[in-house]
Amino acid sequence: MDDDEPLRTTREERHVWAGLIAITLASAVYYVRIVPELLHTPAADVSWVAPMFWSMFAGVVGTVLAVVVAEVIVGFRGRDDCEPDGVTVDVRDQEIGRRGGRFALPFMGVGLGVALILASKDVDGFWIGNAVFLCSLAATIAEAVVKLRLYRRGF
Amino acid sequence: MAPKPTKVTNRIRALRAGAGGMTQADLARELGVTRQTVIAIEQGRYSPSLELAFQIARIFRQPLDEVFQYDEA
Numbered sequence: 121m122d123d124d125e126p127l128r129t130t131r132e133e134r135h136v137w138a139g140l141i142a143i144t145l146a147s148a149v150y151y152v153r154i155v156p157e158l159l160h161t162p163a164a165d166v167s168w169v170a171p172m173f174w175s176m177f178a179g180v181v182g183t184v185l186a187v188v189v190a191e192v193i194v195g196f197r198g199r200d201d202c203e204p205d206g207v208t209v210d211v212r213d214q215e216i217g218r219r220g221g222r223f224a225l226p227f228m229g230v231g232l233g234v235a236l237i238l239a240s241k242d243v244d245g246f247w248i249g250n251a252v253f254l255c256s257l258a259a260t261i262a263e264a265v266v267k268l269r270l271y272r273r274g275f
Numbered sequence: 002m003a004p005k006p007t008k009v010t011n012r013i014r015a016l017r018a019g020a021g022g023m024t025q026a027d028l029a030r031e032l033g034v035t036r037q038t039v040i041a042i043e044q045g046r047y048s049p050s051l052e053l054a055f056q057i058a059r060i061f062r063q064p065l066d067e068v069f070q071y072d073e074a
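Line by line, the protein sequences are chains C and Y. This note's numbering runs 120 ahead of the 1-based position in the first sequence. This note's numbering runs 1 ahead of the 1-based position in the second sequence.
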């Protein structure tokens, strides 16, 4: 092993990348499906529930698949040298996880607040569901971006 | 090159060399962390916790401020 090699990804960082890519793609597919329909159809008539749940399901399954693919590639490249004695999550990963999580909370809070306000105004379920979905997506992306920045830039 | 995010510098690389050529993997194994964490500390991209810093100093049998320095400039 070369002591001068650059800082490579840990398993946790690869998981963050996998989740970010899979969830962003799955959500993009949802919006590609919903937005054109919304332009021609009243929100109350847009069928959004099934596509949203499929998008969430695809995001989770896609993340798992992306993690498996990433680990197989890393295994083939013989890159598992960064985990002596099977250490996969260490203090740095935990600290990055905590810091990243703090950035997700405000988005989730906003999502819940907006959903409550919309519900109190008897707004159609489409808007309530999509407000929660959008804020959850923003929270997921913000958390992942902050974590990746901390992994790469340091702290 | 982006500025380092921490003012904490360290002599871990030199201390490893002085300890019979201890590798990053050896040090990581003793600390129970990934080798990438050792690399991040050496490159000044991660300020370790006080507990981890003491563990590193103890492995090299050095006082803490012989291993880590705080650059106030």
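Any given hint could be a false lead.
What the hints assert, rightly or not - According to the in silico footprint, chain C covers these stretches of chain Y (three or more CB under 8 angstroms from chain C): (1) 29 to 39; (2) 60 to 66.
To be verified - 20 angstroms max Cα-Cα, derived SDA-like pairs, lysine to any residue: (3) Y:5 <-> C:266; (4) Y:8 <-> Y:45; (5) Y:5 <-> Y:60; (6) Y:5 <-> C:275; (7) Y:5 <-> C:163; (8) Y:5 <-> C:127; (9) Y:8 <-> Y:68; (10) Y:5 <-> Y:59; (11) Y:5 <-> C:241; (12) C:241 <-> C:127; (13) Y:8 <-> C:265; (14) Y:8 <-> C:241; (15) Y:8 <-> C:215; (16) Y:8 <-> Y:66; (17) Y:8 <-> Y:62.
Just so you know, these hints were derived from the structure itself, not from any lab. Every residue gets a Cβ at the ideal spot worked out from N, C-alpha and C, and that includes glycine.
Taking the hints in turn, this is what the structure says about them:
1. Remark: the region 29 to 39 of chain Y is confirmed as covered by chain C, as 8 of its residues place a Cβ nearer than 8 angstroms to a Cβ of that chain, reaching the required three.
2. Chain C is given as covering the region 60 to 66 of chain Y, and this is violated because 0 residues of the stretch bring a CB closer than 8 angstroms to a CB of that chain, at least three being needed.
3. Simply put, residue 5 of chain Y and residue 266 of chain C have alpha-carbon atoms about 17 angstroms apart, close enough for the 20 angstroms limit, and the pair holds.
4. In summary, the hint linking residue 8 of chain Y to residue 45 of chain Y is supported, as the alpha carbons are separated by about 8 angstroms, within the 20 angstroms threshold.
5. The hinted pair formed by residue 5 of chain Y and residue 60 of chain Y fails the criterion: a straight-line CA distance of about 25 angstroms is larger than 20 angstroms.
6. A C-alpha spacing of about 8 angstroms is found between residue 5 of chain Y and residue 275 of chain C, which places the hinted pair at or below 20 angstroms, so the restraint holds.
7. With a C-alpha separation of about 49 angstroms, the suggested pair residue 5 of chain Y and residue 163 of chain C falls outside the 20 angstroms cut-off, and the hint is violated.
8. Between residue 5 of chain Y and residue 127 of chain C, the direct Cα distance comes to roughly 14 angstroms. Compliance with the 20 angstroms bound is thereby established for this hinted pair.
9. Restraint check for residue 8 of chain Y and residue 68 of chain Y: satisfied, since their Cα atoms lie roughly 14 angstroms apart, inside the 20 angstroms limit.
10. Using a Cα cut-off of 20 angstroms, the hinted pair residue 5 of chain Y and residue 59 of chain Y is violated, with the two alpha carbons roughly 25 angstroms apart.
11. Between residue 5 of chain Y and residue 241 of chain C the alpha-carbon distance is near 50 angstroms, which puts this suggested pair outside the 20 angstroms criterion.
12. Between the alpha carbons of residue 241 of chain C and residue 127 of chain C the distance comes to roughly 51 angstroms, so the proposed pair goes past 20 angstroms and is violated.
13. Taking the CA atoms of residue 8 of chain Y and residue 265 of chain C, the gap is near 24 angstroms; set against the 20 angstroms cutoff, the hint is violated.
14. A C-alpha spacing of about 52 angstroms is found between residue 8 of chain Y and residue 241 of chain C, which places the hinted pair above 20 angstroms, so the restraint is violated.
15. Restraint check: the Cα-Cα separation between residue 8 of chain Y and residue 215 of chain C comes to about 18 angstroms, which is no more than 20 angstroms; the hinted pair holds.
16. A threshold of 20 angstroms between alpha carbons decides the hint, and for residue 8 of chain Y with residue 66 of chain Y the separation of about 14 angstroms falls inside it, so the pair holds.
17. Between residue 8 of chain Y and residue 62 of chain Y the alpha-carbon distance is near 23 angstroms, which puts this suggested pair outside the 20 angstroms criterion.
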